[in-house]
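Student: Here is what each chain is made of, one letter per residue.
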Amino acid sequence: MSFELDGKTYETDDDGYLVNLDEWNEGVAGYMAEQEGIDMTEAHWEVVNFLRDYYQEYNIAPAIKILIKEMKKMFGPEKGNSAYLYDLYPAGPALQACKIAGLPKPTGCV
Amino acid sequence: MAETADTAAEQEEVLTDQDIVTGAKEPSLKPADVKAPELTGDIQIPHLVKGAMAKSKCHAAKPETMEAMGFPGRLVDNWEEAAVKKLGELLTKYKSLQVYLDICVRCGSCTDKCQFFLGSKDPKNMPVARADLLRKVYKKYFTTEGKIFGSLAGAAKLDLELLGEWYTYFHQCSQCRRCSVFCPYGIDTAEISMAAREIMDSIGIGQKYVNTVLVKLHEIGNNLGMNPKALKATMESTEEDIQEEDGVAVKLPVDQVGAEVLLITPSADFFATPHIESLIGYAKVFHQAGISWTLSSTASEAGNFGMFIGSYEHMQKAAMRIRKAIEELKPKRLIVGECGHAWRIAYAFWNTMIGPLDNSLGLKLEYPRPQHICEYTLDLVERGAIKLDKSANDDVIPTFHDSCNVARATRMGDRPGGQFEIPRALINAACNRYVEMDSDTIKEKTFCCGGGGGLLSDEILDVRVQGAMPRMQAYHAIKEENGANFFALICAICKAQFTKVFPKYGIPMIEVGGIHQLVAKAIELGAKE
Chain U
1 MSFELDGKTY
11 ETDDDGYLVN
21 LDEWNEGVAG
31 YMAEQEGIDM
41 TEAHWEVVNF
51 LRDYYQEYNI
61 APAIKILIKE
71 MKKMFGPEKG
81 NSAYLYDLYP
91 AGPALQACKI
101 AGLPKPTGCV
Chain D
111 MAETADTAAE
121 QEEVLTDQDI
131 VTGAKEPSLK
141 PADVKAPELT
151 GDIQIPHLVK
161 GAMAKSKCHA
171 AKPETMEAMG
181 FPGRLVDNWE
191 EAAVKKLGEL
201 LTKYKSLQVY
211 LDICVRCGSC
221 TDKCQFFLGS
231 KDPKNMPVAR
241 ADLLRKVYKK
251 YFTTEGKIFG
261 SLAGAAKLDL
271 ELLGEWYTYF
281 HQCSQCRRCS
291 VFCPYGIDTA
301 EISMAAREIM
311 DSIGIGQKYV
321 NTVLVKLHEI
331 GNNLGMNPKA
341 LKATMESTEE
351 DIQEEDGVAV
361 KLPVDQVGAE
371 VLLITPSADF
381 FATPHIESLI
391 GYAKVFHQAG
401 ISWTLSSTAS
411 EAGNFGMFIG
421 SYEHMQKAAM
431 RIRKAIEELK
441 PKRLIVGECG
451 HAWRIAYAFW
461 NTMIGPLDNS
471 LGLKLEYPRP
481 QHICEYTLDL
491 VERGAIKLDK
501 SANDDVIPTF
511 HDSCNVARAT
521 RMGDRPGGQF
531 EIPRALINAA
541 CNRYVEMDSD
551 TIKEKTFCCG
561 GGGGLLSDEI
571 LDVRVQGAMP
581 RMQAYHAIKE
591 ENGANFFALI
601 CAICKAQFTK
611 VFPKYGIPMI
621 EVGGIHQLVA
631 KAIELGAKE
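One line per chain: the protein sequences are U and D, in this order. Throughout the first sequence, residue numbering follows the working numbering, covering 1 to 110 in sequence. Throughout the second sequence, residue numbering follows the working numbering, covering 111 to 639 in sequence.
In short, the hints are calculated from the structure, not lab data. Keep in mind that a hint or two might mislead.
Said to hold, decoys possible - Computed footprint of chain D on chain U, listed as stretches where at least three residues anywhere in the stretch have a Cβ under 8 Å from a Cβ of chain D:
hint : region
1    : 21-29
2    : 41-47
3    : 63-69
To be verified - In the DSSO-like style, the derived pairs of lysine-lysine whose C-alpha atoms are separated by at most 30 Å in a straight line are:
hint : chain 1 : residue 1 : chain 2 : residue 2
4    : U       : Lys105    : D       : Lys196
5    : U       : Lys105    : D       : Lys172
6    : D       : Lys342    : U       : Lys69
We treat Cβ as the ideally placed atom computed from N, Cα and C, and that holds for glycine.
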């Protein structure tokens with residue numbers, strides 16, 4: 001599968017996740033968010049940026065608990081929780097946030 | 111999204127045999143579009159809808175994945191001949207398979223026992239019909255009556271259409287073996303489904319989810335692909351969380367040589383929610399019992415999807431990581447975390463597959479080798495070595511979902527039925543209240559979660575939501591009658607599956623959790639008397 005954006009073709013896997021991480025840019029994220037029906041706010045971007053930073057260091061997405069802990073730091077205790085994460089990304093961090101961040105789909109029993 | 115093939119005509123032109131079998135060019139299912147049936151509390155036998163699930167197919171593994179697994183990259187040219195040859199090999203290797211293919215008398219006992227049939231209404235999801243997809247090929251090529259009388263004897267040539275049905279319906283079986291409980295001959299349809307998948311892999315058509323996970327397990331040591339650096343960072347972060355919440359320095363050690371216990375747990379426990387809450391539970395139990403323990407960064411997975419594709423070789427290769435970790439870390443005891451099929455493999459296979467698990471490996475003979483974490487924790491509670499404050503769980507009314515592999519393929523403790531009694535006893539030790547679901551849906555008659563056996567993949571979320579239906583009805587019934595609000599589990603797949611399907615049925619995912627999540631809340635940490 002693939003999609004085209006601004007004259008460039010981006011290869012995706014069967015579920016629409018970007019195959020080549022290095023091709024990611026904000027335009028790609030915006031396009032994927034649109035496909036998911038998500039209107040990217042600053043909070044959405046902060047989650048995406050954290051996922052990318054974490055992935056660059058550890059070569060895997062963070063555990064959900066780690067993401068939520070980080071959200072606590074970013075948004076304060078009231079929004080540092082799973083409910084707010086699902087407000088931002090209703091289909092869940094793995095299905096939507098990772099996808100928009102250009103990360104591969106988490107595998108295993110998750 | 112601009113697809114590579116835009117029109118039906120173009121699609122037709124490029125369809126290969128492989129595409130036809132795997133449905134590769136069919137539009138993908140959108141998880142958001144999957145709707146669950148209404149909950150009434152009753153499990154009704156449905157009116158049949160022929161072909162209802164014919165189009166629900168798993169993504170096929172990419173050629174590079176298949177090759178990394180030692181399988182042909184794509185459907186081989188002489189696939190019919192190769193498949194029949196492979197079936198012949200399996201019949202020689204596993205006499206049980208031949209018995210199961212020979213012995214069915216079509217009594218019909220199994221027909222309404224499969225959650226995928228009950229949920230999907232598709233008659234090919236009746237266990238007997240599913241098994242017949244392979245049985246008729248067996249008859250055609252391996253029995254005299256089938257060779258002579260063909261379809262009159264229920265025999266059929268393995269053609270492209272039938273192979274496509276194999277790919278569809280053997281990936282709508284979670285190998286949970288509920289049908290086997292009701293079969294008067296004890297035909298194990300899971301073994302038939304495993305054989306079919308093994309044959310398909312051998313001719314170059316494998317399922318993406320399971321094969322991709324196995325490649326990661328072989329390369330990195332767990333299904334997630336979590337490397338040792340990430341594992342250690344995650345465990346450190348979890349230690350901080352416990353410290354912050356409970357004010358106690360509970361450790362989650364990795365690669366500690368000479369620790370008393372080596373814990374082998376599903377890697378989802380390091381990553382997913384609610385899984386990680388049970389990991390915290392195990393850590394608190396070890397901490398409070400004063401037992402040194404460790405995880406292994408190279409054997410960081412209890413799960414072993416080799417079983418799902420019927421591959422003894424891949425099962426053994428994956429399990430050998432655990433033997434190597436035992437040799438390196440020199441534990442005295444081997445304990446397995448909350449994971450259903452992993453417990454089956456640990457309980458029934460490890461000793462012969464990677465063992466013997468005895469003092470030759472430095473393991474102490476006085477303990478079960480391996481031991482289930484529930485048995486271990488319950489024993490500590492019963493001996494008074496740890497204390498649980500039940501009132502900490504007064505906000506929940508739990509019930510227990512027996513995981514298929516634990517319930518029907520294993521035991522815990524030293525008494526028959528221990529696999530049913532021990533988890534329940536542990537919940538009751540951690541909570542003041544407990545309610546049981548309908549007796550036709552628990553213990554050996556438990557329904558599968560709908561995501562086991564390698565089906566935990568989003569492109570078949572329709573199959574998963576339908577497969578969960580009987581269990582959801584039973585849970586709904588005791589929610590209505592008894593106010594149940596916590597769905598206690600001991601399986602990583604069950605946890606992931608139910609957190610995904612509960613919201614589809616209008617039930618909050620927060621009600622899904624592990625038994626050791628309850629233990630984590632109730633355990634009294636700190637100085638002991």
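Student: Are at least 3 residues of the region 41-47 of chain U within less than 8 Å of chain D when you compare beta carbons?
Tutor: violated (count 0)
Student: Quickly compare the C-alpha distance for lysine 105 of chain U and lysine 172 of chain D to 30 Å and report which way the hint goes.
Tutor: The hint holds at about 15 Å.
Student: Is lysine 105 of chain U close enough to lysine 196 of chain D, meaning Cα to Cα at most 30 Å?
Tutor: 33 Å, violated
Student: Please verify the coverage claim for the region 63-69 of chain U: does it have three or more residues whose C-beta sits within 8 Å of some C-beta in chain D?
Tutor: With 5 residues in contact (Cβ-Cβ under 8 Å with chain D), the coverage given for the region 63-69 of chain U holds.
Student: How about the region 21-29 of chain U: do at least three of its residues have a C-beta closer than 8 Å to a C-beta of chain D?
Tutor: violated (count 0)
Student: Is it true that the CA of lysine 342 of chain D sits at most 30 Å from the CA of lysine 69 of chain U?
Tutor: 17 Å, holds
The structure does not agree with the numbered hints 1, 2, 4 stated previously, though it agrees with the rest.
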